[in-house]
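Use the sequences and the hints to build the structure in full.
There are 2 protein chains.
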Amino acid sequence: MAKKKMHLTGFVLYAPAPHTMMSWIYPREKIRWHWHQNEYWRSIAQTLERGKFDMLFFADGWGGGNEASVRYAVQFPVHDPLLLISYLAGFTQKLGFAVTMSTTFYAPFMLARKLSTLDHITNGRIGWNIVTSFSNGEARNFSLDKMIPHDERYDRADEFMEVCYRLWDSWEPDALKMDMENGVFADPAKVHRINFRGKWFNCQGPLDVIPSPQGRPLLIQAGASERGREFAAQHAECVFGAGGRWFTDDLAQRALKHGRDPSKIKIIWGAQPIVAETAAEAQAIEQSVLDRIPPQVGLHLMSSHFDMDLTRYSLDTLVNDIEGGAIQGIVESFKRAEPVTLREAAQIYGRGMMPHLVGTPVQVADQMEEMLDHMGGDGFQVSPPYYAPDYYEDLVRLLIPELQRRGVFRKEYRGDTLRDYAFEE
Amino acid sequence: MAKKKMHLTGFVLYAPAPHTMMSWIYPREKIRWHWHQNEYWRSIAQTLERGKFDMLFFADGWGGGNEASVRYAVQFPVHDPLLLISYLAGFTQKLGFAVTMSTTFYAPFMLARKLSTLDHITNGRIGWNIVTSFSNGEARNFSLDKMIPHDERYDRADEFMEVCYRLWDSWEPDALKMDMENGVFADPAKVHRINFRGKWFNCQGPLDVIPSPQGRPLLIQAGASERGREFAAQHAECVFGAGGRWFTDDLAQRALKHGRDPSKIKIIWGAQPIVAETAAEAQAIEQSVLDRIPPQVGLHLMSSHFDMDLTRYSLDTLVNDIEGGAIQGIVESFKRAEPVTLREAAQIYGRGMMPHLVGTPVQVADQMEEMLDHMGGDGFQVSPPYYAPDYYEDLVRLLIPELQRRGVFRKEYRGDTLRDYAFEE
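Residue numbers (this note's numbering), protein chains in the order written: chain A, 67 to 491; chain B, 67 to 491.
Hints are computed from structural coordinates only; laboratory data are not their basis.
You may find that some hints are simply not true.
For identical chains, the list gives no copy identity; a pair is met inside one copy or between any two copies.
Listed below are the simulated SDA-like cross-link pairs for lysine to any residue, each with C-alpha atoms no more than 20 Å apart in a straight line [to be verified]: (1) K265 / L210; (2) K212 / N268; (3) K160 / D482; (4) K160 / E105; (5) K212 / W266; (6) K70 / R259; (7) K96 / K323; (8) K96 / D245; (9) K118 / R463; (10) K96 / V250; (11) K160 / N104; (12) K243 / Y106; (13) K69 / Q429; (14) K212 / A173; (15) K265 / E218; (16) K243 / H100; (17) K71 / V428; (18) K243 / M374; (19) K243 / P360; (20) K212 / R259; (21) K243 / G309; (22) K160 / E478.
Since the structure is predicted, the reported quantities are computational estimates derived from the model, not experimental observations.
Written out as structure tokens, the structure is:
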């Protein structure tokens with residue numbers, strides 16, 4: 067029997083350093099292009115396509131800009147990824163793309179229109195990572211004094227999705243005629259006003275984009291909270307998982323409750339494989355990644371995530387001893403029995419909070435298969451711990467052939483759309 | 067003395083038929099690609115670049131979808147042009163692009179970020195056509211019951227511009243360091259919060275995009291109303307003119323009042339040159355364009371512009387006899403002394419409200435030079451009256467060499483940015 071195929075995405079930010087802090091630093095003579103140059107991204111996208119990755123996945127944010135984030139490029143600046151994706155569509159044929167867009171900062175008509183347009187330009191290769199945003203820093207760029215409360219954001223997002231679904235369905239599949247002989251562009255009986263009136267949004271419709279190759283983007287979600295998992299169980303086709311087996315089981319239960327087949331919700335886990343010809347070489351690469359990250363950089367990232375100034379504590383402080391409820395959750399998220407110091411927490415934040423899988427191709431492929439056996443789910447979000455053009459080339463040269471040899475990763479794309487790839491077994 | 071150079075833009079919508087109704091109809095055997103396919107736009111952009119046009123200019127709208135607009139494709143559907151522009155950036159080296167974005171439907175942070183990102187991706191070739199939007203149909207897609215009143219929209223747009231300027235200036239030019247040796251990405255003393263608090267918008271900043279090649283997009287505006295001209299005199303570097311000499315003079319006066327040099331505001335006029343080897347051939351092409359447009363299509367476009375149902379009147383009705391103040395303005399805009407029937411008004415609306423300049427290359431070049439002598443201003447927005455890939459090829463094959471021969475149009479691009487081209491004399 068053929069083995070179940072793993073799904074892999076390249077997980078990035080259109081930024082100097084995606085999720086591993088200070089990864090914009092690299093030996094200068096090996097830098098071919100910088101992160102803000104088109105060629106950098108063309109190289110990454112073409113490498114991922116050569117490696118048959120499902121997609122290049124862009125996280126996004128709309129805030130930042132305090133002293134530390136400017137000095138160290140802590141998830142700042144972040145350029146607009148939608149525009150980069152349509153640029154990259156011209157230099158790839160098969161690779162999928164996913165983009166993070168916020169239901170709090172976009173209007174539903176604007177968002178649905180942009181994603182349908184992107185589905186046309188990419189010819190069916192677009193996915194939407196649905197986020198509600200969370201930081202007060204982001205809110206303050208959008209005329210809000212602070213972020214809308216968590217559960218209200220999700221209620222609002224539910225209504226947002228309803229508007230989008232109706233817009234995407236506002237053209238019946240055979241509405242478009244382009245009948246030049248009779249001068250009929252489309253059949254007005256098959257293109258519908260939606261006349262949506264909700265608690266947060268009104269929208270008249272129809273969508274001003276003709277039906278796109280996928281009809282609607284692949285829907286992706288990443289919320290780890292209870293309300294977030296409930297949202298995912300209702301809407302998502304692909305989920306960025308957090309935690310482990312309990313998450314897989316919980317999501318399956320929730321999907322069933324909503325009358326959905328759990329196998330139709332793919333789960334991918336964040337990971338940073340670091341692969342080299344020898345284990346020693348791989349370990350040396352990992353060490354160089356870690357050596358680039360001063361503890362204060364992780365501390366600044368934590369400060370911004372928790373909206374509190376953690377730099378006023380000594381690095382030896384136990385996180386349990388820090389005032390304020392939010393930060394206590396860190397201990398649990400690290401799955402550590404023993405007390406965690408701020409230094410350790412900052413290091414884990416600084417390196418990106420994803421497990422490093424370090425070793426030879428055989429060792430890393432073993433770890434990846436074991437993780438999926440253990441946690442369930444379908445694959446990995448692969449985030450670059452060092453200079454991304456080189457990083458993905460290393461993976462495609464060393465790791466992908468080993469996964470393909472084992473029959474756990476595709477050798478060719480099957481189908482034409484991102485949705486086809488995402489549901490390939 | 068070298069003659070003053072004319073400026074030319076390709077003026078389109080990412081839609082089946084830009085400004086000439088029914089121009090999506092064409093002999094089927096001559097259609098190479100359709101308007102929703104990437105290749106159609108690549109062809110247009112590459113043709114305009116070969117012809118040394120200043121830019122490809124996308125109008126935009128966020129509404130439509132009534133029965134007539136669906137049936138005849140009356141400025142509907144309209145896909146999102148920002149995404150198309152970044153795609154096209156990959157297939158052009160010099161051509162500029164302009165995109166219409168609404169201060170009513172975008173948040174300033176979102177808009178400033180997208181345009182700065184596009185300025186990076188195009189390497190300094192982006193312009194922004196600033197609009198405030200006007201139709202209730204558009205408002206109803208964005209949770210508004212009707213459009214914000216005209217003058218309030220412009221007051222709001224003034225504040226919107228102020229936020230954008232501050233965001234674009236929030237990074238000092240030498241703030242970016244990317245100093246890998248000392249681990250300093252940017253100098254926090256040179257990247258500033260803007261902490262803007264206005265009547266309509268608050269924004270914390272800084273912008274999350276590093277300084278772009280042009281610093282800010284070329285600013286373009288098209289409002290013909292008194293308040294619109296006042297806005298243009300304050301903000302615009304390039305204006306889509308309306309009317310004639312009085313407009314040129316009025317704008318110059320207003321510019322002086324705001325302490326600006328009138329020569330730093332370029333004026334371009336809408337026009338549709340229809341050029342062929344012989345005058346008879348050009349006239350036959352024009353007739354085929356007009357024959358494709360049933361009067362009711364123009365009537366529907368007028369109905370939607372004036373937000374009233376004009377289809378209930380006979381085509382022989384004089385527009386002066388129609389109730390409601392708005393439509394009276396049509397007579398004036400056509401500069402006709404004699405009474406205008408609804409049929410005539412509908413025909414002029416249907417063909418796109420721009421003058422047809424019909425004839426041989428010599429005849430049309432003469433007309434263009436005369437128009438600029440007569441009205442002042444700097445060039446033309448050239449809108450395709452028929453299948454756009456063929457139309458622009460015809461112009462570049464026939465008209466451009468004649469203009470170049472006369473020394474009134476560039477033979478090569480000078481400079482690298484859209485702003486360089488726009489201000490080339």
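At most 20 Å between CA atoms: does that hold for K212 and W266 within a copy, between copies, both, or neither?
Classified as both; 18 Å inside a copy, 16 Å across copies.
Measure nothing new, just compare the shortest in-copy and cross-copy C-alpha distances for K265 and L210 to 20 Å and report within, between, both or neither.
Both ways: K265 and L210 sit 19 Å apart in one copy and 13 Å across, limit 20 Å.
Could you place K212 and N268 in one of the four classes (within, between, both, neither) given a Cα distance threshold of 20 Å?
between (24 Å within a copy, 11 Å between copies)
At most 20 Å between CA atoms: does that hold for K96 and V250 within a copy, between copies, both, or neither?
between (57 Å within a copy, 19 Å between copies)
When no copy is named, should K118 and R463 be tagged within, between, both, or neither for a Cα gap of at most 20 Å?
within (12 Å within a copy, 43 Å between copies)
Is it within, between, both or neither when you check K212 against R259 at 20 Å Cα-Cα?
Answer is between; shortest inter-copy Cα gap is 16 Å, intra-copy 34 Å.
Which holds for K96 with D245 at a C-alpha limit of 20 Å: within a copy, between copies, both or neither?
between (55 Å within a copy, 15 Å between copies)
Can you tell me if K160 and E105 fall within 20 Å by alpha carbon in one copy, between copies, both or neither?
Both ways: K160 and E105 sit 18 Å apart in one copy and 17 Å across, limit 20 Å.
As a check of your reading, is K243 near G309 (CA-CA no more than 20 Å) within one copy, between copies, both or neither?
Neither, since 49 Å and 38 Å both go past 20 Å.
Should K243 paired with H100 be assigned to within, between, both, or neither, using CA atoms and 20 Å as the limit?
The answer is between: 13 Å across copies meets 20 Å, while 46 Å in one copy does not.
Under a CA distance limit of 20 Å, which applies to K265 and E218: within one copy, between copies, both, or neither?
Answer is within; shortest intra-copy Cα gap is 11 Å, inter-copy 26 Å.
First find the shortest C-alpha distance between K212 and A173 inside one copy, then the shortest across copies, and answer within, between, both or neither for a cut-off of 20 Å.
Both ways: K212 and A173 sit 18 Å apart in one copy and 16 Å across, limit 20 Å.
Comparing the model with each earlier hint shows violations of hints 6, 7, 18, 21; every other hint is respected.
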